[in-house]
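Chain by chain, the residues:
Number of protein chains: 2
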Amino acid sequence: MSLLTVGTVAFDDIETPLGKADRIVGGAAMYISITASYFVNPINLVSVIGDDFPKEELDYMASKGINLEGLQVKEGEKSFFWAGRYHDDLNSRDTLDTQLNVLADFDPVLPEAYKNSDFVMLGNLTPAVQMRVLEQLPEKPRFVAMDTMNFWMDTAMEGLLEVLKKVDCLVINDEEARQLTGEHSLVKAAEKILQMGPKYLVIKKGEHGALLFYEDKIFFAPALPLAEVFDPTGAGDTFAGGFIGYLAQSGDLSFENMKRAVIFGSAMASFCVEKFGNERLKGLSSDEINQRVGRFVELVNFDAQL
Amino acid sequence: MSLLTVGTVAFDDIETPLGKADRIVGGAAMYISITASYFVNPINLVSVIGDDFPKEELDYMASKGINLEGLQVKEGEKSFFWAGRYHDDLNSRDTLDTQLNVLADFDPVLPEAYKNSDFVMLGNLTPAVQMRVLEQLPEKPRFVAMDTMNFWMDTAMEGLLEVLKKVDCLVINDEEARQLTGEHSLVKAAEKILQMGPKYLVIKKGEHGALLFYEDKIFFAPALPLAEVFDPTGAGDTFAGGFIGYLAQSGDLSFENMKRAVIFGSAMASFCVEKFGNERLKGLSSDEINQRVGRFVELVNFDAQL
Chain A
1 MSLLTVGTVA FDDIETPLGK ADRIVGGAAM YISITASYFV NPINLVSVIG
51 DDFPKEELDY MASKGINLEG LQVKEGEKSF FWAGRYHDDL NSRDTLDTQL
101 NVLADFDPVL PEAYKNSDFV MLGNLTPAVQ MRVLEQLPEK PRFVAMDTMN
151 FWMDTAMEGL LEVLKKVDCL VINDEEARQL TGEHSLVKAA EKILQMGPKY
201 LVIKKGEHGA LLFYEDKIFF APALPLAEVF DPTGAGDTFA GGFIGYLAQS
251 GDLSFENMKR AVIFGSAMAS FCVEKFGNER LKGLSSDEIN QRVGRFVELV
301 NFDAQL
Chain Z
1 MSLLTVGTVA FDDIETPLGK ADRIVGGAAM YISITASYFV NPINLVSVIG
51 DDFPKEELDY MASKGINLEG LQVKEGEKSF FWAGRYHDDL NSRDTLDTQL
101 NVLADFDPVL PEAYKNSDFV MLGNLTPAVQ MRVLEQLPEK PRFVAMDTMN
151 FWMDTAMEGL LEVLKKVDCL VINDEEARQL TGEHSLVKAA EKILQMGPKY
201 LVIKKGEHGA LLFYEDKIFF APALPLAEVF DPTGAGDTFA GGFIGYLAQS
251 GDLSFENMKR AVIFGSAMAS FCVEKFGNER LKGLSSDEIN QRVGRFVELV
301 NFDAQL
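Line order of the protein sequences matches chains A and Z.
Numbers 1 to 306, taken from the working numbering, label the letters of the first sequence in order.
Numbers 1 to 306, taken from the working numbering, label the letters of the second sequence in order.
What the hints contain is simulated information worked out from the structure, not anything from laboratory work.
One or more hints might be untrue.
Pairs count within a copy or across copies, as identical chains cannot be separated in the list.
[Unchecked claim] With a Cα cut of at most 20 Å, we get these calculated EDC-like pairs of lysine to aspartate or glutamate: (1) Lys-205 to Asp-88; (2) Lys-275 to Glu-215; (3) Lys-188 to Glu-228; (4) Lys-205 to Asp-174; (5) Lys-192 to Glu-228; (6) Lys-188 to Asp-88; (7) Lys-217 to Glu-298; (8) Lys-205 to Glu-228; (9) Lys-115 to Asp-88; (10) Lys-140 to Asp-252; (11) Lys-205 to Glu-175; (12) Lys-205 to Asp-51; (13) Lys-192 to Asp-154; (14) Lys-192 to Glu-158; (15) Lys-115 to Glu-139; (16) Lys-275 to Glu-228; (17) Lys-205 to Asp-89; (18) Lys-217 to Asp-168.
Sequences are here, hints too, so could you generate the full structure?
See the structure below:
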């Protein structure tokens, strides 16, 4: 199966209680595509960068089976840049700087080869750009998932609701689910969201795990309890990449397989936070990934003896 | 097996976003003993009340196999009273009033019949009172668990650490674990606590579930996602009652059985929050309890197909 993904490819400055990293490679689509590349090929990347983006990072992505034909490179312009500082508990952060640069007038153009992609992951971006990507697909793909954020709920809610109608799955965090619905209870929020378009909903709760909702079913995946979280940046996108990558690999959209996809997404996210940026996501082996998933099995496995 | 428990039996005034209840029956030992009574008999209760406590509540407890011989009734005095108001998210609350009353000079006295109790649950109380209970036991029971709170860490840390040395299991919440150890990471906090005396540690995370630590093993039990939480009061004590009650019923201290005990504790807590005070904990059937545990199985069960 093929996977199409759109989102940012960017630079980040990051400060966490354990350290500081300047101008490292970031962006939702970078995290999604590198993570998904452990599960599925090809990955059709749609994004935009300036001419300042490091060639070796692009070479690495290409070597992972990531198709860069849809990655626009704007000569003489700068890539999207974000700077943030995490608080001591790593659950909250302050944005110190945002420079849209090439993203300001990004118009995604899908190469012909992308148009029959089976799976689609719309990374967090302006809803209008997400919609432009869907509009260029001649047929409805087998499965479309999307991410979004509070900022678009404040500034582009109408467009966001239009995209929501066209996707199979929404992947957002708990605060976003609450803002989108005005419900504090995630169960009530899920009921409302499942009436907005998506059949499936994943609510990410960071260190508290993730919930998968489908019809009247709920599945819960824990986050791996870690002694040290080095840098949470990209963990949500890494989760999304593992989730959609696992689904696209198998092509199996049963609820049982969705559960596994949530676990694989959680396992990939548990790697992401162990080092700065995408460092820990490079060069993983499938043994390492399976062993990590095995730790999730041990973590929640019990025999109720009912 | 027999279970000994010590803690408060009290009145609570409670305000939550969904309602208000005045002068309802509360207290750690009340919640622990009623919950544990679904699993094990007899339950040897040690506590103190004034002559204002409703006879029908005592009759109900007796009817559940709770031995009230160690419940001191102080004529002409008032029972312990607490009033609190929950915030909208139900995760935090303000204490509006605390009246120690009979608790101010509580000296627990163990009846002879209590002294060979196999399992002990020390509910949240002054560490000195918890210690006085342990000192009256001629032999070390098979399993002793304790709860405590931040307040004792601020005011009686030395005594608290002494009790900790004498127990097999500590059951506390995440904030308490952090305060006790100065570690934000619960994994690091657990490492430190397991060197303070207890072999087992349960960290309750409210709506985010519970973690069981033993040697280098970790087990995670989710909380049941609920559309409506009516009143969180007593949920932690109810968890403890289900946990220790399940263990005492089986007498099995294997890690596999500890996991089940954590799940049964979580299931009982999920009932507790559905109504005010202990209302939902009365008159449960074993079918209802097993069905609730079945929902936990469904919630986390997956086949990794590794």
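How the hints compare with the structure:
1. Lys-205 to Asp-88: Answer is both; intra-copy 18 Å and inter-copy 19 Å each pass.
2. Lys-275 to Glu-215: neither (37 Å within a copy, 26 Å between copies)
3. Lys-188 to Glu-228: between (33 Å within a copy, 8 Å between copies)
4. Lys-205 to Asp-174: For Lys-205 and Asp-174, the Cα distance is within 20 Å both inside one copy (6 Å) and across copies (16 Å).
5. Lys-192 to Glu-228: This pair counts as between: shortest inter-copy Cα distance 15 Å, intra-copy 36 Å.
6. Lys-188 to Asp-88: between (31 Å within a copy, 15 Å between copies)
7. Lys-217 to Glu-298: between (23 Å within a copy, 9 Å between copies)
8. Lys-205 to Glu-228: Answer is both: 18 Å inside a copy and 19 Å across each meet the 20 Å cutoff.
9. Lys-115 to Asp-88: neither (44 Å within a copy, 47 Å between copies)
10. Lys-140 to Asp-252: Within one copy only: 17 Å inside a chain, 55 Å across chains, cut-off 20 Å.
11. Lys-205 to Glu-175: Both. Shortest intra-copy (9 Å) and inter-copy (18 Å) distances satisfy the 20 Å Cα cut-off.
12. Lys-205 to Asp-51: neither (36 Å within a copy, 47 Å between copies)
13. Lys-192 to Asp-154: within (18 Å within a copy, 44 Å between copies)
14. Lys-192 to Glu-158: within (16 Å within a copy, 51 Å between copies)
15. Lys-115 to Glu-139: within (8 Å within a copy, 75 Å between copies)
16. Lys-275 to Glu-228: within (10 Å within a copy, 38 Å between copies)
17. Lys-205 to Asp-89: both (14 Å within a copy, 15 Å between copies)
18. Lys-217 to Asp-168: within (16 Å within a copy, 37 Å between copies)
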